Amino acid sequence: MGVFAPPSVAALREFVALAGPQGLPVTARGGGYSVYGQSQAEGGYVVDLGSLDEVRCAPAARTLTAGAGARWSEVVRAALAEGLTPPVLPDHLGGSVGGLLSTGGLGGSSHRYGLAADHVRELDVVTGAGELVTCSRERHPDLFDAVLAGLGQCALIVRATLDLVPAPTLVRRFRLYHHSPGTFFADQRSLARDDRFSHVCGQARPALGGAWDYMIEAVAPYTGQLPYEEPLLTDGLEHDRDTEEIETLSYGEFLRRMDRDERILRTTGEWQRPHPWLTLLLPEEAAPGFVPTALADHAQSGLRACGVVQLRPLTSRALRAPLLRRPRGELLCLLSLMRTAPPGAPENVREAVAANRALYERARELGGVLYPTSALPMTGEDWRAHFGPAWETLARAKDRYDPHSVLTRGYGLWA
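Here the working numbering is used: the first residue of the sequence shown is 1, the next is one more, and so on.
The reader is advised that the hints may include incorrect statements.
[As the list claims (entries may be wrong)] Here are the in silico distance ranges between beta carbons for each label pair:
#, residue 1, residue 2, range
1, MET1, PRO206, 38 to 46 angstroms
2, GLU361, ARG189, 23 to 31 angstroms
3, ARG257, GLY23, 39 to 47 angstroms
4, GLU138, ARG260, 40 to 48 angstroms
Just so you know, the hints here were simulated from the structure itself, not pulled from any lab data.
Since we're looking at a predicted model, the values are computed, not measured.
Here a beta-carbon is modelled for each residue, glycine too, at the ideal position from N, C-alpha and C.
Generate coordinates for the entire structure from the input sequences, incorporating the hints supplied.
Here it is, written out as C-alpha cells:
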C-alpha cells in the first residue's frame, strides 16, 4: 500500500484517472478518525488530503467553502470570525470536512437540523473515472446525492461549500441527571419534539452496584438575554432536580468542549489505542428496552472502565440525505458505544468486534440500522440489506461514476 499526498486538486484528478484503468484501489484519508480500517487501501493507495485544507468564508452569502482536508476546528474559527456557524457540527472538531460529509455527520443539533451533509450547498468531487465535477441539488443531483453519506463509493470530495447561520454569542448548558432509563428516554423524547434546546445529547454513566445512571446535556443558545425564563426550559422534565448542573459558556467555548478531553487521552496514551466503536440508530420505541439490556451484557462490560455511552434523540424528518439509512418512525435514538482496547492484546479487539456484531444483529431484528463509523465487519449482503431500496440507486451511481470500482473498498460494499 502506498500513500499519495496531492499538492493540488488537479494532481488528485490526474492520479485517480491513472489509477482507475489499472484497477488500483484508492481511498481518501482526511483526519484519520476511521475506527476499522475504512481509510486503508490494500494493494493500492491512500490519498492524504491534508494539503487540501483551504477555508474561505463568504459572509454576505452566508456560506463557507472548505477543502476536504480542512478540520472542522478551522471551519468553526473562520465562521465565528464573521458571526456565523454551521447549523450542525460534530462533538469533536478534529475530523476533516470530507470525512464527516462522506458518512453524513450527526451532532447535538441533529434532532432539529439533520446532518451536516444536509447543509451542503455545493461539492467539488473527483469521480472514480478521474473527472473533476461540481455538483449540487441543481447540477448533477444524482452524483451529489451519491456522495453525501455515500461512504466515498462514487467520488472523492475535494471541496465543499456549506450553508451558515448566525452564531449565538452565549449558551446556557444544562446537565440533567436521571436514575431511571424510563424517565431519561421520556425526557429525550420530549426534547426532540419541541424547540426548547437546539442541542440535545445524552450519556449512560456507570453507577454503583453495576447499575447505570443517565444524563441529558441540553443547550440553549442566545445572544444578549436568554429568550426563555430559565425554569420554563426544564418544565415538565423528570430529572433529579437536586443534582442538575447549569452553566453559561461562550458559544466558542462550548464548541471546543472536547479539546480538554482529547489532550488528556493523548497524554495517557488512550487516544492511540484501538477504538472498536459501534454506533446504531434505533427506533425510539425500542431504545428503552434495548439500551439497558445491551449495557448489562457481559460482552460490553469493558465500557464501564474505559468507554463512553452516548445517546442522542433524532427526528427522521430532519434527516434528508437519501443514503443515510434510518429506522422507520419519526423519533429515533442514536446509541454509540465508544471504548478503547488495551494495547498489545489483539484478542480483546476481536472480542469487542464480535460483541459489536452480536449487538448489531439484535438491533437489526428490532428495526435498527448501522451508522457506518463503526468497527463492524459487513458482507456485501449485509450492505444490500442496509441500503434496502436505495441499493439499486447507489449501484447505478457506482457503475457510472466509478466504472473501475477502485474507490474506498475498505467498507466492503461490493464484496
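So, going through the hints one by one against the coordinates:
Restraint check, MET1 to PRO206: a C-beta distance of roughly 39 angstroms satisfies the suggested window 38 to 46 angstroms. Restraint check, GLU361 to ARG189: a C-beta distance of roughly 26 angstroms satisfies the suggested window 23 to 31 angstroms. ARG257 and GLY23 have their C-beta atoms about 45 angstroms apart, which keeps the hinted 39 to 47 angstroms range intact. Look at GLU138 against ARG260: about 42 angstroms separates their beta carbons, and that is inside 40 to 48 angstroms.
Of the numbered hints stated above, none is contradicted by the structure.
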